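S.K.: As a plain string of letters, each chain reads:
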Amino acid sequence: MSENNEHEHSNDDGHGHDGGHHVNYFKIYVVLVVLFLISVAGPEVGEMTGLRWITLITAFGIAVVKANLVIQNFMHLRWEKNLMKWVLATSLILMFLMVAGISPDVMNHEGNNWENVAAKAAVERGVDGEAEEETMVVAAPVGFTPQGAFQTVCATCHGTAGDGNGPAGAALDPPPANFTDAAFWADRDKQRIMTVIQDGAAAVGGSSLMAPFGALYTDEQVSELADYVISFAPDGAAPGGE
Amino acid sequence: MAHAKPLATLRSATGIPTGRLAVWWVLASEVVIFGGLLGVYLMHRIGHPEWADAAAHTQTWIGALNTFVLLTSSFTAVLAHQAAEKGNGKEAAKFLCFTILGAMTFLVVKSFEWYNEISHGYTITANTFWSFYYTAAGLHALHVIAGAIIMGVVAFDAFRGRELHRVELIGIYWHFVDVVWIFLFPLLYIAK
Amino acid sequence: MADTVVDVHQHEHAGHDGHHDPHWIVKYLWSTDHKIIAMQYLFTGMFMGIIGAYMAYVFRMQLAFPGISVPGFGQVSPGEYNSLITNHGSIMIFWVAMPVLIAAFGNYLIPLMIGADDMVFPRINRLSYQIFLVSAIILLASLFVEGGGFGGAWTSYPPLSAEGDYNQTNLGSSLWLLAVALEFVAFLLGGINFITTLMNSRAPGMKAYDIPMVLWMIVIASILFMLSVGPLIAGAVMLFFDQTINTGFYDPTRGGDPILWQHLFWFFGHPEVYVVLLPAIGITVDVIATFARKKIFGYKLVLYTAVATGVLSFFVWAHHQFIAGIDPRMANVFTITTLLISVPIAELLFVMIATLYGGSIRLTTPMLWALAFIAEFLIGGVTGIFLGASGADIYFHDTYFVLAHFHYTFFPIAIIGTFCGFTYWFPKMFGRMMNDTLGKIHFWGTIIPFNFIFIPLFVLGMGGQHRRIYNFQHFPELAGPEMYSLRQIATISLLIMLAFQAVFFFNMFWSWFKGEKAGKNPWKANTLEWTTESPPGHGNWPPDQMPVVYRGPYEYGHPDREEDYWPQHLPS
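Going line by line, the protein sequences match chains A, B and C. Using the numbering used here, you'd call the opening residue of the first sequence number 192 and step up by one each time. Using the numbering used here, you'd call the opening residue of the second sequence number 10 and step up by one each time. Using the numbering used here, you'd call the opening residue of the third sequence number 328 and step up by one each time.
Nothing false has been slipped in among the hints.
Covered by chain A, per the in silico footprint, the following chain C stretches (three or more residues, Cβ under 8 Å):
#: 1; stretch: 383 to 395
#: 2; stretch: 574 to 584
#: 3; stretch: 587 to 601
#: 4; stretch: 644 to 652
Here are the simulated DSS-like cross-link-like pairs (lysine-lysine), alpha carbons at most 25 Å apart as the crow flies:
#: 5; chain 1: A; residue 1: K276; chain 2: C; residue 2: K534
#: 6; chain 1: A; residue 1: K218; chain 2: B; residue 2: K103
#: 7; chain 1: A; residue 1: K218; chain 2: B; residue 2: K95
#: 8; chain 1: C; residue 1: K841; chain 2: C; residue 2: K851
#: 9; chain 1: C; residue 1: K534; chain 2: B; residue 2: K14
#: 10; chain 1: B; residue 1: K95; chain 2: A; residue 2: K272
#: 11; chain 1: A; residue 1: K272; chain 2: C; residue 2: K627
#: 12; chain 1: C; residue 1: K851; chain 2: C; residue 2: K767
#: 13; chain 1: C; residue 1: K534; chain 2: A; residue 2: K272
#: 14; chain 1: C; residue 1: K627; chain 2: C; residue 2: K534
#: 15; chain 1: C; residue 1: K767; chain 2: C; residue 2: K844
#: 16; chain 1: C; residue 1: K534; chain 2: C; residue 2: K622
#: 17; chain 1: C; residue 1: K847; chain 2: C; residue 2: K622
#: 18; chain 1: C; residue 1: K622; chain 2: C; residue 2: K851
#: 19; chain 1: C; residue 1: K767; chain 2: C; residue 2: K841
#: 20; chain 1: B; residue 1: K14; chain 2: B; residue 2: K95
#: 21; chain 1: C; residue 1: K851; chain 2: C; residue 2: K627
#: 22; chain 1: C; residue 1: K627; chain 2: A; residue 2: K276
#: 23; chain 1: C; residue 1: K354; chain 2: B; residue 2: K14
#: 24; chain 1: C; residue 1: K767; chain 2: C; residue 2: K847
#: 25; chain 1: C; residue 1: K534; chain 2: C; residue 2: K851
For the record, the hints were derived by calculation from the structure and aren't laboratory data. Just so you know, these numbers come straight off a predicted model, no measurement behind them. We treat Cβ as the ideally placed atom computed from N, Cα and C, and that holds for glycine.
Using the sequences provided together with the hints, build the complete structure.
M.R.: This is the structure we're talking about:
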């Protein structure tokens, strides 16, 4: 990278350039403006003749030529050390590499065991902005069910059957509540169950091992969850409504 | 607080002055930022021929005006560099001010254009073409703003004959901003 | 927070550079001196490392003893668990490995080892640290906002990361992304500084092949970082828009593509592995040469191999996505390149072993760490072969085998590499020697438990244990007693390892103030940083004594010399 170290520095001392470059900047500017006018006119010509490739050539071909003129003459890359040309070329080549690696997946709408149905449909309809807005599929949020929530969160300690024999509960002292026990329900109502779910058992004077889960659920979901917990109660022991 | 330059800054083992060397590296990292964004846009654009309908709503003549403005500002930036090389700080500052004026014009035209488009309902969320349109042009506009601010500082110093080598450095950056727009113009406006 | 630590210690040395005495805040928080900025990076990195380790402790406890109320944390809810593993990963890579290995060692060593008085852009250097500090604060703040910290894994795949409905942490995920983006900006600024300094500011006489290997590695890593991070910055802006203003860049129903993020992320993410690996290898090579008292086996070989690794690292990214539905033809290409990249890495390890061969080895603490790097990284590298083969990866993907594999690479890089470098350059940084006995106790207390943490996880991964599971009891086939006993071994080993870090911190602070005075060159090493005072004053050398270089950095045991080392700055 720094092999140029051995080079004589005399040419590049001080300000970096060995004198003026004798470039007529104005001439280059005029060439740029002319090229620019051609690139703007390109689509018109393309439309008139019905040849789409004319537009593409005037648009992107001229862009490359213009960029090259600016980089070589205005940015003075022509007179720069080869080292920096290589650095810039490397970063550009990397971008081609990136596009080559990504495009098989992103440019196509189907691949190995998958199909981008939405993209295909959009292409087929040829929709514009507004129409797509209407047909946009709104993905359903992840569903909440009281059973699901109980089995993933509560059952760890309270057991899948609500009997307090969850695998993680075995080591706890006091043991987790057994919802199938009639005695448990003797002095509890739904409001209290909801409070415990939301704020932890410590909030009603119970064990702090029952952590608050209020951040996970909305009030409505907590209410459904509490109903589900009550459903474990043996017949006759279940508390009434609110 | 006055800041004495360390000896390290003055050395030049590669023969490229330190400031210019750093600017080239900055540009290398900018090439991959813009290259990544434009590459991604290109892939999507080829995969979605229907975006041509959305692209038809971009206003070519405004884009063309802005291209011309940036080309001209690039020209004045290189004239500023020429003046700085001759040691004429006041002349360099004058041309830098022209370049800043170009940047301002560019931004004013751009905001007029965006205002127009947004009021027609083509917002950034209207469709993914417009999302790319605003993201790419917005990222570029941020570079224009940053360049204009730095150019103001450089022109202020150059007017007093200080740090003249910085005129070239900000010029190189400014030409890069121009080059990015040279590619954005056909990508977003011409290729319908 | 970490700054306070820096202040306290730097104040100790306030007398050393006596030309001017600005207020200590200006001097230590607003300093442009590369050594102070290096210390800021080092201690911020250490502080973040402690946080990351604490997170590991909390979720390992939850995994081994589900539902337990973790001492010092309380009960872990599923959301908190996700947030903990996500931020553990992000912190350890972006806020520990990068700032310590690249920024701290790079800032400290580059000017000292090339004989310069500072970095070429001292103020940009300071700005880089300040942006980094802000990013660290934002990340820590994101853990305490409403909804909790981001829990979508450090890879942040959409749609989980893009849709607030899915991840439930609207604010947390945006702040996480912002912190990561700022961190990238900080390292772009720092990286440009490193590259330019090394290219332009070398001491007179120092040619490309006279540069110590660690500097080459840090600079190659900076270049890799710079060239790979660009597309991800663009991608992060797009993800940020998806999160905040509801664009559809990664939403297939609106013309976007979720797999695009995976590509952009890993186009950066895989070179990133080598970004942190190369500095660690550089540190290890330097330490091995010094303590084997031998020239490294093939300076140019190491250099070109590192460059080859860097180039190849851009061709392997999609091996992270073998089962994400990428084109199978691409999977073949990426399998081949992935297996190819093990060749230069193996070469680097062989060079280290060949350097040891026939050397007069001194088993000091830094040398032990360097040897451990070879041994442990070898395991990490070899297990990567399994994952790089697309066929085998179908089974291994997203199991604890992957997790154990990358911890066997990242631990040697980030922890062993850091301790190796820190113990080696401690005398230069603070002017005193670290206690060798305590250092060795800490070494064994770290290395042995480390293996007991992750070898069980290899076994569990082979047994099909999936990653990202909060509580294995919900999966009867993963909840057997033998699996739980392996998990508990891992967790208890972690506790032991963390406990032994106290020895390190005690040793560090004790040596800092009470250690034996080090002198200029305690290890009898050749490189330029050992020719100045310990710790070096402002400007590193007196202006009239800036060093001049006459030879390469690894001239140990030269037959014409009485002493077994030949410093770079001595005229022949």
